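K.L.:
One letter stands for each residue in the lines below.
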Amino acid sequence: MRNKNLSVHTILIASALAMVAPFVWQIITSLKSLSNATKVPPSLLPEGRWDNYGKVFDVLPFGHQFLNTVLMAGLRTIGQVLFCSMAAYAFARLRFPGRNLLFGILLSVLMVPPQLFIIPQYQIMSSLGWLNSLQALVVPGLFSAFGVFLLRQFFLGLPKELEEAAAIDGAGTVRIYWSIVLPLARPGLVALALLVLLWSWNDLFWPLVVNTDPSKMTLSAGLASLQGQFQTDYPVLMAGSLLASLPIIVIFTLLQRQFIQGIATSGIKG
Amino acid sequence: MTVTMTPRRDSTQNKASAADTGGGRRGRGRLKEALWGYAFIAPTGLGIGIFYLWPVLQTAYFSLTEWGAFGGHTWTGLDNYRRLGSDPEVGRALVNTLTYTGLGLLSIPLAIGFAVLLNRKGMRFVGLYRTLFFLPVVTMPVAIAMVWRWLYNGDYGLINYLLSLVGIDGPNWVADPATALYALVVVGVWSSVGYNLIIFLAGLQAIPKEYYEAAAIDGASPLSQFFHVTLPLLSPTAFFVSVVSVIGSLQLFDLVYVMAGSGAGARANPAFPRLETVVQLFYDRAFVTNDRGYAAAIVMMLLLLIVVLTAVQFRFQKRWVHYA
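Chains as they are written, first to last, in my numbering: chain A, 1 to 270; chain B, 271 to 594.
For the record, the hints were derived by calculation from the structure and aren't laboratory data.
Treat each hint with caution, since some may be false.
Taking beta-carbon pairs under 8 Å as the criterion, some of the chain A residues facing chain B (in silico) [as the list claims (entries may be wrong)]:
1. LEU102
2. PHE117
3. LEU237
4. MET238
Predicted model only: the values in this text are computed from it and were never measured.
Backbone N, C-alpha and C define an ideal beta-carbon position, used for all residues, glycine too.
Please model the complete structure; the sequences and the hints are all you need to start from.
P.N.:
Have a look at this one:
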């Protein structure tokens, strides 16, 4: 048993190393000078070139892009959790004519690949004069059929008794939704929030298309644009890509359980 | 609480059914509930309508038009679709995308293997392993693509250095047409295995222990337990993962966009014809060359591809998926 576990751990440790090695190499490279990084054979040790991290701010409007990304991801997350939970509550608990038909239409949106929305969405942004603005990054991402679907499933699983008791005590719909359902549904709301955050932070296509002015870009589009513009300075590029993905990695490490639960129950990748 | 509530709930329901016929208070309650219902779905409903539903119809319409230099478009019927059939770049992109999608399914057996190892009784450090495997899933794809591009570098890359230690002269991975697509598959599998692992772990934990106890009493070896208990009971999860992976792989964009050399730079890459995917081609036609009618036809083709491949998987699931 002991020996068997040892061989299992050997396989897992080797594989885990393969998963982490690229990140380790990224950190090592980010701390090298360019001449040292392009030496053959490469040295496996980092130098203390912390100034590469400073250079990220010289080659990119990194501060702006960081802020754009935070605002886009943050506003989308708040908006989606609010709007989706409202709609999900209506679909799960309130009766109104056309409810099933509307929900069916919503589900059909879920199955369409996002590329089908992009040209018309771009046209809308363009005709509103919203290209190269925060609104362009945020607004279409405030609405989501997936979020409604996920939360409706979650609400259906909640016991009805508390809501009914509150209704008898004279609480109105808004009050029941806000002070009974939302607190009960916290795990579901957190799961959706983390998924939206992850997806928004890492998204490339939409930000790339709508905001082409470097100071209006998000981090992913900014980094992508950096490559190939001039002689690639890999240590700086490694430092920049590490800085760009770090916030979400930190949040993930802190909230692992909720992250994994969100992904395992919804089956949706970022 | 429940006990005292039950009769009161019953009485409201009785009142409701009595009032239904004659309108009155309950009717007003229903109207109020319906109005709140519409109010609650209004923001999402309008948003989805404007930004998702209407755009699908528009894209379908655009695919039947040709776009002029100044944004106007003229009706051209099925011309764009005819063009799709005779465009070698579309053919190439389709082959690349399908190859990537097929090979990417390798991530499923790998994830099942790791999940089974992690799910062993008395296993330690499960949380740590899970975290390490999951790290690439949450990391920004652009950042991942940059790191791998650097690892794959023909001159200074770590991979070719390690190969040189055992006497192999490695190619310039993502700039060599012979290796580029496979190099991309490796990154795709590497970055998705942790996601699939999580889903399979959840699937494994849902298998009742009694099945294994019964199999052990019948004298089944661990290997035979894996093939006769674990795999069949995990097959619905595997089916789900396969459907989701195929849909995701068909939309590959981020990794290629960066690894091929970002936008305009990509065409200078000699391996570009082996790297271009359907969505990349769509991006190029829609937002670089502004050939939006044709781009719309390209995504309509993508939609069809997704529908067909998903339908095929549903059709063949009877052959291998066992529902308990």
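K.L.:
Please go over all the hints and tell whether each is borne out by the structure.
P.N.:
Evaluated hints:
1. LEU102: holds (7 Å)
2. PHE117: holds (4 Å)
3. LEU237: The hint holds - LEU237 (chain A) has a Cβ within 8 Å of chain B, the shortest such distance being about 6 Å.
4. MET238: holds (7 Å)
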